[in-house]
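Each chain sits in its own coordinate frame; assemble them with the hints.
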Amino acid sequence: LLRGSPLTTANLCYNNLIIDNFTYFFKVGLLLSTACIILMSLQYFQQEALTAFESIVLMLMSTCSMLLMISAYDLIAMYLAIELQSLSFYVIAASKRNSEFSTEAGLKYFILGAFSSGILLFGCSMIYGFTGVTNLEELAKIFTAPYVLRPLSDSVMLNSADASWSGVFMGILFIAVGFLFKITAVPFHMWAPDVYEGSPTYVTAFFSIAPKIAIFANMLRVFIYSFYDPTWQQLFVFCSIASMVLGAFAALSQNKVKRLLAYSSIGHVGYLLIGFSCGTIEGIQSLLIGLFIYVLMTINIFAIVLALRKNRFKYISDLGALAKTNPILAITISITMFSYAGIPPLAGFCSKFYLFFAALGCGAYLLAFIGILTSVISCFYYIRFVKIMYFDTPKTWILYKPMDREKSILLGITLLGITFFFLNPSPLFLVTHQMALSLCI
Amino acid sequence: MLQNINPFYSSLSLSALILFPLLGGLFVSFITESKIRTIRIVGLCTSFITFLYSLFFWLEFDNSTPKFQFVETIQWLPYSNINFVLGLDGISLFFVILTTFLVPICLLVGWSSIQKSKKEYIIAFLVLESLMIAVFCMLDLLLFYVFFESVLIPMFIIIGVWGSRQRKIQAAYQFFLYTLFGSLFMLLAILLIFFQTGTTDLQILLTTEFSERRQILLWIAFFASFAVKVPMVPVHIWLPEAHVEAPTAGSVILAGILLKLGTYGFLRFSIPMFPEATLYFTPFIYTLSVIAIIYTSLTTIRQIDLKKIIAYSSVAHMNFVTIGMFSLNMQGIEGSILLMLSHGLVSSALFLCVGALYDRHKTRLVRYYGGLAQTMPIFSVIFLFFTLANMSLPGTSSFIGEFLILVGAFQRNTLIATLAALGMILGAAYSLWLYNRVVFGNFQPNFINKFSDLNRREVFIFLPFILGVIWMGVYPEVFLESMHTSVSNLIQHGKFY
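Residue numbers (the numbering used here), protein chains in the order written: chain Z, 68 to 508; chain S, 457 to 953.
Isolated chain S, as found in the complex (with noise of 0.2 Å):
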């Protein structure tokens, strides 16, 4: 947004976002534990630092070059070719905003609600945040692919150390083993670009042009990487059970940012690699994200718990998003990118209002919650709130996102829009149901009898995801001005018009 003067120097230090969290984490955990206050203060600091030091990268950003901006490049195998580049543009930015922004959010709601291990929890956020920050400044294929697996353990052990239940433990395995397996696919497809091509580095990558045939080989070894992420239907099955065995903080940081991973590869390295390949898979892409929104909302709606409910809307969203980043369109790709964003925002406050009504009654069972209306107000309008914001309703920023998307799709394929459109009924249905059944209605006083409104900390976690719903909802232009010079180079690049 600010002139940046000098357009090959800048002040910004990718590598340093990245570092800054692991040195906090690093810093704390030489801390003893019996001074727990101080190494929350700090963490919260740390990743709080991060998150204005990204702010300053969306300021000195340049919106008028689809070039890869703030570019470091790293050693590591000269030999090889295969080397760090890390590099920012309009569709990267600002997932590394969101993440830096839902870490500490996430180390906030840790705060009074986990007992076990509290140091080991913030390092694990911390490192787990410039791991994630990683991935989305990659632009080398392998170190991307490296990163992207390496989210998988703090991810496994923040989900079966501070899990909810016994089946945690199971939830993690199948979180870990799923994702893994479908993602060393892609290490045999990054592995022959290798050796085809002789490099890694994205920016050499993209002027490469792989023959049709071998497209569609690589295309389908990332997509079963990519697809276990996002998640598409016949691999999604971890993201319920990953999502209802996570602690608040673990919810919020699996469907904020882990989620968008899958799509960003998609974004970043399916699409522009391969383009006749995508070309080719766009209709196996289109089936299986319409059976997946059709399928899963109407999951939803039979589901009992909290989480589940939320997990199930969760794929619903991105099978959206995979929608619209498939009609390769300028409309279906920033769509889909504002989706992912709000999807990132609204799903995680969805988490953590479960979460709070989970620390205080400790369980998610829809059918012991009613009245809440009368006795948690607060707490029920920003979950009336958040509701109508997964609802896709106009004036939140997943409505600008899903109208572009079917703008986008129904260019394509209007079969295909009309199908989605009638999976965001069914989103409706269930957000409206469940919050009826929750928040309004009569109390269970055989279940539930005591009852306490958010406290300070909790209202002040909310704000800035209302803020930023509304900002998204009411005034876009200020996210999409970054993302248009990028998108567009995108789909010129693979000739999509």
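This is chain Z alone, in the form it adopts within the complex (with noise of 0.2 Å):
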């Protein structure tokens, strides 16, 4: 089916969901995700003794909730998707339960995420109210119909249907709101460093990839199918510069693995949204491309992250020395570190060109600009992973426990992805400009 074979476009439930290639591949994508994700928390729940099923399954349903919401052709049915997965998402959250910071980082999850649902619903409501539809497909044909002039008189609504009329642009903005504290965008993102550092580290890997894709997805539909206009564009320009560069100077003084992903993280939303935030088929393609990168690069570190867990590693001062006791860990953190900085001729490097280039290609010249600025900023810190590795000399000597098969697997899998993307970049390029063409067409 990667091949292009034509698949059938449907909608389900009333106008509710819709499936077509945009969606294939995103769901695709997703499982994948999720699926390496539970193989990496295998282990865990073993070291653990966790005979709990509870997190498996609140793992899968959050799951089926994201496959929903990749579909969801209605404000509603994307709510009550949205609504479900983060529910499942604070119960994991605080699942750690002999840990208080587990508890607290859920309880900060909890609020903070029920409050942004509450902000999005308050959206899709002003939406309503202001327009009379909530399918995405009647707010598209509303707000990117030409002024129309109907023979009947009382279309005052159709006349001047466009996002800058205020109703629908504060119902737009709450919906955007809603949408960033998600992602963890700046200025929304004050949840995600304590979250992502409390919560256990399977549930953080979870964290960082899964809802990233899903929301992803859903705000490319909702933002440049429905409402596509160039007003609100400069709030997510602002988001972008303001989460780029948050990213990259907040990790510079981090001592904590967790932390500094959490904030790497942010910085690589910021670089997403430079994609999202010009218009154009090429930034949805080059979003579309720098998220898969992104989840390839973050399968790879959480693993390692996991992997090392049994040998506290807390700080990232504890990867002293790792090229002396364990040298092929140490490449691969090194090139994993080297591609989230964006250095050829690794994949991260390719999704930062193409991002880039997508900005220069509509004219964000200054979104490229402060992205390239930051580029080099973070380089640093992931830089100093390599030199902890490399150069350092630990204190006490650290005794590396070997990991299991399944991460190895992956690792290895995920490895060969960064490394040797570079000379096959083709089949990822077409496949995503395949998404963004029948996201837009």
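Be a bit skeptical, because a hint or two may be false.
[Unchecked claim] Calculated pairs, DSS-like style, for lysine-lysine (alpha carbon to alpha carbon, straight line, at most 27 Å):
#1 S:575 with S:818
#2 Z:454 with Z:323
#3 S:906 with S:572
#4 Z:468 with Z:323
#5 Z:381 with Z:391
#6 Z:454 with S:575
#7 S:523 with S:951
#8 Z:391 with S:572
#9 Z:391 with Z:323
#10 Z:454 with S:523
#11 S:572 with S:818
#12 Z:468 with Z:454
#13 S:491 with S:575
#14 Z:208 with Z:94
#15 Z:391 with S:575
#16 Z:468 with Z:381
#17 Z:468 with S:575
#18 S:764 with S:906
#19 Z:454 with S:572
#20 Z:391 with Z:454
#21 Z:381 with Z:175
#22 Z:454 with S:818
#23 S:572 with Z:468
#24 S:951 with Z:454
#25 Z:468 with Z:391
#26 S:818 with S:764
#27 Z:323 with Z:175
#28 S:818 with S:906
#29 S:491 with Z:391
#30 S:574 with Z:391
#31 S:574 with S:818
#32 Z:391 with S:906
#33 Z:323 with Z:381
#34 Z:468 with S:574
#35 S:764 with S:572
No lab work stands behind these hints, which were simulated from the structure alone.
Given below as structure tokens:
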């Protein structure tokens, strides 16, 4: 099916859900990454002797809701899916019962998440109030129609319906805010470092990867398909710049691994929002490519964090002299870090190059410029990993226990992907182009 | 040099040249570290075979055409018209040969002086070799940039792991971040070019004409990247740091090849694609280069660390090269290429000399050395030869290069040529003074008591350099004849006459 044989497009459930190329590939990506994450966490469950089955069930339920979210074609369906996903997440964030850090993380996530869902719902209801429809297709028709002079005289709504109309704009703003909360963009990112750090590691991995995929899919559909208007572009430009800058600067002073990864994922969301805020097809395509490569790299790094769990890998300096004791793992981390930093010829560079290309293509020169500046700054802390592993000598020797087979396979596959993506990037580019086209047309 | 009967088909493949060291590195990575001798021999043979293979490219090179030869196209992103396009012409031919020449030397240098992570050393250098050959062969702008940047990763690790002091980490960071920062502007410029023309293939871009305003913008962005690599004066600080902290072989590669990447980029991309902007900025480059020559030459006289002296003299030489290059006439550009090649040989050999001293006495401060002529005579002779070559003594290759550059610059601007010649005098000053202090004079028995002259391996390392320098100095036409058509094509293309 990746070769582009035509896929049926269908609207289901009274136009609440849609299936087309876009959702198909997104779902495949989401399911694959969830499978990888669950694979990674198997050893965690074994080690902690968590015989309770709730974690897996909740993860799968949230995956199910994310699948619904990707296909959502109606504001109500979208909200329901988001709520289900968030509810499952609140619970598993607090699932480490003997750690109050984890409970705190869950509580923070719950409060802020519920708040943001409330804002989202408020936005949806305002849209409904001002336009009278909740279906995304109907909204698309309303917002992208030119000023049609209908023969009926009471069509005040249709004649002046564009996103700058104040009521609708408020609604869109609220929806955007709600979404930006979920993907941890600045200035709605405050919960991310604490929640990422406090949750059990496999949950953090799940947080970093899955919701971003699903919510980006939903955002793309809502904003680019339904509300296609340059008015909200400024909001996303601002968020993108702020995310990149914050992600670069805040991570410079971090000592703990998971917090650093949280900030680095905030920075990455900033880069992805570059692609989002230029509303061209290249922009969407670059976002999708960046998302896919981000997922690849994040699976890699979280597999490593999970693998080193037994050695109490909390602080970055716990990695000291990894090059001497475990050289293959050291090379893996180095390559992933260089890829995060965007150094050629690794996969991260390809994603950044295409993102900057899309930004330049639609005239967002400031975005590209700030993008490169923050790339260089963030390079510093990514290289710090390499430095600690290769150049430092730790004060006490650290013995590393071997990791299980599933994680090694995952690490091998993702490392291969990151290193050799450069040699054959065409399939991904073609697939994402197909996805972007089916979204817009 | 030999006749190529069928001009369109060649049995030599550039992609094989690039892949071979990589495969060697891969093969070596599977041998266990306990068989270190096997690893070293395999690595050395790989790099040596690559060198011989690159010589075949020289033999089969056709001197009479300015077109790119041995062109290969491998698909990368057909959707965006970006493909791996490999090809050589008169300008890049010798850089490839220089690269493949220096890497076996580096592996030989590390034969007994590298004590930790010996296998990774070999792998790092082989990977670095294939990336560097790829840089010089690549005729596609974006992929050139990719390989241009990707040499940073192995160099970062080489400086950081096998460097000599704790300051190496700062040096490695500085090297990495300086270069990365400059080149990201180049990435934006490349993307802008791609967006405007729809392709990044150099052969097509040479036919496009950008508007003058856009040319100036793109030229500045490219300049930001190449100026850091050259290095030109405000952004040259990474070079002394990186050279001092790097291991001997790392310095050899850094001075021999990586410095040439910047000027090669100017020659291959900035000047042909943006001719009007080049003319616009020539006074700017002249000013920066002359300041760099005189400033670094004067700074060199004050230095106390052997490697820093040679590093600063590298800066001065590379700025000579940019003066020659931006003279934009035949003598200037050919002189600049020849000086680049000669500097690749001479500076690398000087770093090898310093490395030999460092291996024996573990110090690089000039204060501690003296009277080496009496205890290390072979070393003194070789060191004298390369010091004189560094000073551009007639008969050595750097004389030809500098002479041609001065001839070219004199035609454009006599003041610059005069000041650059003044730089040559200063160059003689610091080179001779360094040599005097180290080799002649009295012993420093308080510091150094035991001496041992160069062993056979080290003498054999120096011999190719001596041969190369003398050959280029006495009969440079062999090298120059391959460059004539490409360089004159460059000048005609930009209408610089």
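Now for the hints, and whether the structure bears them out:
Among the hinted pairs, residue 575 (chain S) with residue 818 (chain S) is consistent with the structure: their alpha-carbon atoms are about 23 Å apart, no more than 27 Å. At roughly 16 Å between alpha-carbon atoms, residue 454 (chain Z) and residue 323 (chain Z) fall within 27 Å of each other, so this suggested pair holds. Restraint check for residue 906 (chain S) and residue 572 (chain S): the C-alpha separation of about 25 Å stays at or below 27 Å, so the hint holds. Between residue 468 (chain Z) and residue 323 (chain Z) the CA atoms are separated by roughly 21 Å; this keeps the pair inside 27 Å, and the hint holds.
Distance hint between residue 381 (chain Z) and residue 391 (chain Z) is fulfilled; the C-alpha atoms sit about 20 Å from each other, no more than 27 Å. Pair hint residue 454 (chain Z) plus residue 575 (chain S) holds up; C-alpha atoms about 19 Å apart against a cutoff of 27 Å. For the hint linking residue 523 (chain S) to residue 951 (chain S), the alpha-carbon distance of about 18 Å falls within 27 Å, and the restraint holds. Taking the CA atoms of residue 391 (chain Z) and residue 572 (chain S), the gap is about 10 Å. The hint holds against a cut of 27 Å.
With a C-alpha separation of about 22 Å, the suggested pairing of residue 391 (chain Z) with residue 323 (chain Z) holds against the 27 Å cut-off. Restraint check for residue 454 (chain Z) and residue 523 (chain S): not satisfied, since their Cα atoms lie roughly 44 Å apart, outside the 27 Å limit. Proximity of residue 572 (chain S) to residue 818 (chain S) is assessed by CA-CA distance (about 16 Å); at most 27 Å being required, the pair is judged to hold. Of the supplied pair hints, the one linking residue 468 (chain Z) and residue 454 (chain Z) holds, its CA atoms being roughly 22 Å apart against a limit of 27 Å.
Pair hint residue 491 (chain S) plus residue 575 (chain S) holds up; C-alpha atoms about 10 Å apart against a cutoff of 27 Å. For the hint linking residue 208 (chain Z) to residue 94 (chain Z), the alpha-carbon distance of about 26 Å falls within 27 Å, and the restraint holds. For the hint linking residue 391 (chain Z) to residue 575 (chain S), the alpha-carbon distance of about 13 Å falls within 27 Å, and the restraint holds. Note on residue 468 (chain Z) and residue 381 (chain Z): the hinted pairing holds, with a Cα-Cα distance of about 16 Å set against a maximum of 27 Å.
At roughly 24 Å between alpha-carbon atoms, residue 468 (chain Z) and residue 575 (chain S) fall within 27 Å of each other, so this suggested pair holds. The suggested pairing of residue 764 (chain S) with residue 906 (chain S) holds, with an alpha-carbon distance near 25 Å, which does not exceed 27 Å. Proximity of residue 454 (chain Z) to residue 572 (chain S) is assessed by CA-CA distance (about 16 Å); at most 27 Å being required, the pair is judged to hold. Taken as a hint, the residue 391 (chain Z) and residue 454 (chain Z) pair is honoured in the structure, with Cα atoms around 13 Å apart against an allowance of 27 Å.
Of the pairs offered as hints, the one joining residue 381 (chain Z) and residue 175 (chain Z) holds, with about 21 Å between alpha carbons and a cut-off of 27 Å not exceeded. Of the pairs offered as hints, the one joining residue 454 (chain Z) and residue 818 (chain S) holds, with about 24 Å between alpha carbons and a cut-off of 27 Å not exceeded. A hinted pair counts as satisfied when its Cα atoms are at most 27 Å apart, and residue 572 (chain S) with residue 468 (chain Z) qualifies at roughly 24 Å. At most 27 Å may separate the alpha-carbon atoms for a hinted pair to count; residue 951 (chain S) and residue 454 (chain Z) exceed this at roughly 49 Å.
Taken as a hint, the residue 468 (chain Z) and residue 391 (chain Z) pair is honoured in the structure, with Cα atoms around 14 Å apart against an allowance of 27 Å. Restraint check for residue 818 (chain S) and residue 764 (chain S): satisfied, since their Cα atoms lie roughly 15 Å apart, inside the 27 Å limit. Our distance criterion of 27 Å between C-alpha atoms is met by residue 323 (chain Z) and residue 175 (chain Z), whose separation comes to about 19 Å. At most 27 Å may separate the alpha-carbon atoms for a hinted pair to count; residue 818 (chain S) and residue 906 (chain S) meet this at roughly 12 Å.
The hinted pair formed by residue 491 (chain S) and residue 391 (chain Z) meets the criterion: a straight-line CA distance of about 18 Å does not exceed 27 Å. A hinted pair counts as satisfied when its Cα atoms are at most 27 Å apart, and residue 574 (chain S) with residue 391 (chain Z) qualifies at roughly 12 Å. Under the criterion of a C-alpha separation no larger than 27 Å, the hint pairing residue 574 (chain S) with residue 818 (chain S) is consistent with the structure, at around 19 Å. Between residue 391 (chain Z) and residue 906 (chain S), the direct Cα distance comes to roughly 34 Å. Violation of the 27 Å bound is thereby established for this hinted pair.
Between residue 323 (chain Z) and residue 381 (chain Z) the alpha-carbon distance is near 6 Å, which keeps this suggested pair within the 27 Å criterion. Between the alpha carbons of residue 468 (chain Z) and residue 574 (chain S) the distance comes to roughly 25 Å, so the proposed pair stays at or under 27 Å and holds. Pair hint residue 764 (chain S) plus residue 572 (chain S) holds up; C-alpha atoms about 25 Å apart against a cutoff of 27 Å.
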